[in-house]
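With chain W fixed as given, assemble chain X onto it according to the hints.
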Amino acid sequence: MLGAQAALDEVDSLRDELDRYHLFHATRADLLRTLGRSVEARRADERALGLTANPAERALLEQRLT
Amino acid sequence: MAGTRDGGDPPGADPAVAASRDALAVVFREEGSRLTASVMRVLGDFDAAEEVVQDALLAAWQQWPVEGVPQRPAAWLWTVARRRAVDVLRRDLRHREKLALLAWPAEQPSEPEVDDDRLRLVFTCCHPALAPEVRVALTLRTVCGLSTAEIASGFMVSEAAIVQRLTRARRKIAAAGVPYRVPADDELGERLRDVLAVIYLLFNEGYLCNAADRPQRHDLSHDADWLAGLLVRLMPTEPEALGLLALIRLHRARAAARFDARGRLVLLRDQDRGQWNRAQIAAAADLRCCAAHRHR
Numbered sequence: 001m002l003g004a005q006a007a008l009d010e011v012d013s014l015r016d017e018l019d020r021y022h023l024f025h026a027t028r029a030d031l032l033r034t035l036g037r038s039v040e041a042r043r044a045d046e047r048a049l050g051l052t053a054n055p056a057e058r059a060l061l062e063q064r065l066t
Numbered sequence: 001m002a003g004t005r006d007g008g009d010p011p012g013a014d015p016a017v018a019a020s021r022d023a024l025a026v027v028f029r030e031e032g033s034r035l036t037a038s039v040m041r042v043l044g045d046f047d048a049a050e051e052v053v054q055d056a057l058l059a060a061w062q063q064w065p066v067e068g069v070p071q072r073p074a075a076w077l078w079t080v081a082r083r084r085a086v087d088v089l090r091r092d093l094r095h096r097e098k099l100a101l102l103a104w105p106a107e108q109p110s111e112p113e114v115d116d117d118r119l120r121l122v123f124t125c126c127h128p129a130l131a132p133e134v135r136v137a138l139t140l141r142t143v144c145g146l147s148t149a150e151i152a153s154g155f156m157v158s159e160a161a162i163v164q165r166l167t168r169a170r171r172k173i174a175a176a177g178v179p180y181r182v183p184a185d186d187e188l189g190e191r192l193r194d195v196l197a198v199i200y201l202l203f204n205e206g207y208l209c210n211a212a213d214r215p216q217r218h219d220l221s222h223d224a225d226w227l228a229g230l231l232v233r234l235m236p237t238e239p240e241a242l243g244l245l246a247l248i249r250l251h252r253a254r255a256a257a258r259f260d261a262r263g264r265l266v267l268l269r270d271q272d273r274g275q276w277n278r279a280q281i282a283a284a285a286d287l288r289c290c291a292a293h294r295h296r
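Those protein sequence lines, which keep their order, are chains W and X.
Take 1 as the starting number for the first sequence in the working numbering and just add one per residue.
Take 1 as the starting number for the second sequence in the working numbering and just add one per residue.
Please keep in mind that the hints were generated in silico from the structure rather than gathered at the bench.
C-beta atoms are modelled at their ideal positions from N, C-alpha and C, and glycine is treated no differently.
Treat the hints with care, since some could be wrong.
Some chain W residues near chain X, calculated using beta-carbon distances under 8 Å [said to hold, decoys possible]:
(1) R20
(2) Y21
(3) A59
(4) L60
Far from chain W by the CB rule (all over 12 Å, computed), these chain X residues [unchecked claim]:
(5) E67
(6) A129
(7) L166
(8) I173
(9) A175
(10) G177
(11) P183
(12) E190
(13) P236
(14) T237
(15) H251
(16) A284
(17) A285
(18) H293
Isolated chain W (complex conformation) (with noise of 0.2 Å):
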């Protein structure tokens, strides 16, 4: 657990830089539901869904949001 508590740290660190980028939010939705956050995982993950448009992309994202 500590291993994803750094990882998250690290990546929420690149927040100004990457706060456009779905994958960043897609990525803290991963760690977050790995430390048990559940709730914000999900927000990360709706996040993500909201700035991409690519379809395989959509589908697991709307998949883990099931």
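Same frame as chain W, but now just chain X:
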């Protein structure tokens, strides 16, 4: 059909019209930027080259539905564009001596020399007189044919911001008379960073594109791979170019495992590694080693 009032097609129009428009879209996607590159080389002027190509496309748009799609659509476009380019040169006396150049390209060429034009054009478009954040966007739009929406997603900014950047850049080019000419060999180095960014973003858009109708664009990935290969040939000792080519090839080596039979994404950890192309991975790893050795 010839009789439409506003230039647009009514819904459910003649299937021959639709077929000709589809054919044009395919030819433009495959040939558009190469055509622009070649015309640019002859005219030495970006805007004029774009205009010539647009004229040729418009001619195809109007004539193909009526006369049928030509047997060799690409050659047809090249011929029309070449004719327009001659007209432009004739209008412009300063370029009169260049008329001789137009013996070439007589037709859709397939020699590597012309392919090289396009890499040169990428270098040409990454002009140091323009702001850094503009150069790459302008090149992706003009030479690589990405839409403003695709470029915006690559830069992680709004499409409006990209449109504004491009408009400002074009205004500056016109007002300041930025001299677009193919840079000499000793000028290539200072433009390398931008050129690498252009090729990387082109690949990025091909790998997973920002369009609702398809997940990836093989044409763009292929172009990026090929441009990066040309770049390595042009600058064989440049580690960044080697590194970029290695990166692109490593990603492409996994192409077969990235989507399942229903077109859904398969995450790296779930991919069937037996579908990865071992030979391509080994070749790319060699490139990566070369790059690492040469890194200062």
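Cross-check of the supplied hints:
1. Satisfaction of the interface hint for R20 (chain W) is found here, the shortest Cβ-Cβ separation to chain X being roughly 4 Å, below the 8 Å cut-off.
2. With its C-beta approaching chain X no nearer than about 5 Å, Y21 (chain W) sits inside the 8 Å limit, and its interface hint holds.
3. For A59 (chain W), the interface hint holds, the least distance from its beta-carbon to any beta-carbon of chain X being 6 Å, beneath 8 Å.
4. Among the interface hints, the one on L60 (chain W) holds; its C-beta lies about 5 Å from the nearest C-beta in chain X, closer than the 8 Å criterion.
5. For E67 (chain X), the shortest C-beta to C-beta distance to chain W comes to about 36 Å, beyond the 12 Å cut-off, and the non-interface label holds.
6. With 12 Å as the threshold on Cβ separation, the claim that A129 (chain X) sits away from chain W holds: the shortest Cβ distance comes to roughly 27 Å.
7. The claim that L166 (chain X) is not at the interface with chain W holds, since no C-beta of that chain comes within 12 Å of its own (minimum 19 Å).
8. With a least beta-carbon separation of about 28 Å from chain W, I173 (chain X) lies farther than 12 Å from that chain, consistent with its non-interface assignment.
9. Non-interface status of A175 (chain X) relative to chain W is upheld: no Cβ of that chain comes within 12 Å, the nearest being about 31 Å off.
10. Every CB of chain W is more than 12 Å from the CB of G177 (chain X) (nearest about 35 Å), matching its label as outside the interface.
11. In this structure P183 (chain X) is separated from chain W by more than 12 Å, as the shortest Cβ-Cβ distance comes to about 31 Å.
12. For E190 (chain X), the shortest C-beta to C-beta distance to chain W comes to about 25 Å, beyond the 12 Å cut-off, and the non-interface label holds.
13. At roughly 33 Å, the least C-beta separation between P236 (chain X) and chain W is larger than 12 Å, which holds for a residue marked as non-interface.
14. Non-interface call for T237 (chain X) relative to chain W: holds, since the shortest CB-CB distance, roughly 32 Å, exceeds 12 Å.
15. Every C-beta of chain W lies more than 12 Å from that of H251 (chain X), the closest at about 14 Å, which supports listing it as non-interface.
16. Distance check on A284 (chain X): its Cβ is at least 22 Å (rounded) from any Cβ of chain W, clearing the 12 Å threshold; non-interface status holds.
17. Distance check on A285 (chain X): its Cβ is at least 25 Å (rounded) from any Cβ of chain W, clearing the 12 Å threshold; non-interface status holds.
18. Residue-level check passed: H293 (chain X) sits 29 Å from the nearest beta carbon of chain W, beyond 12 Å.
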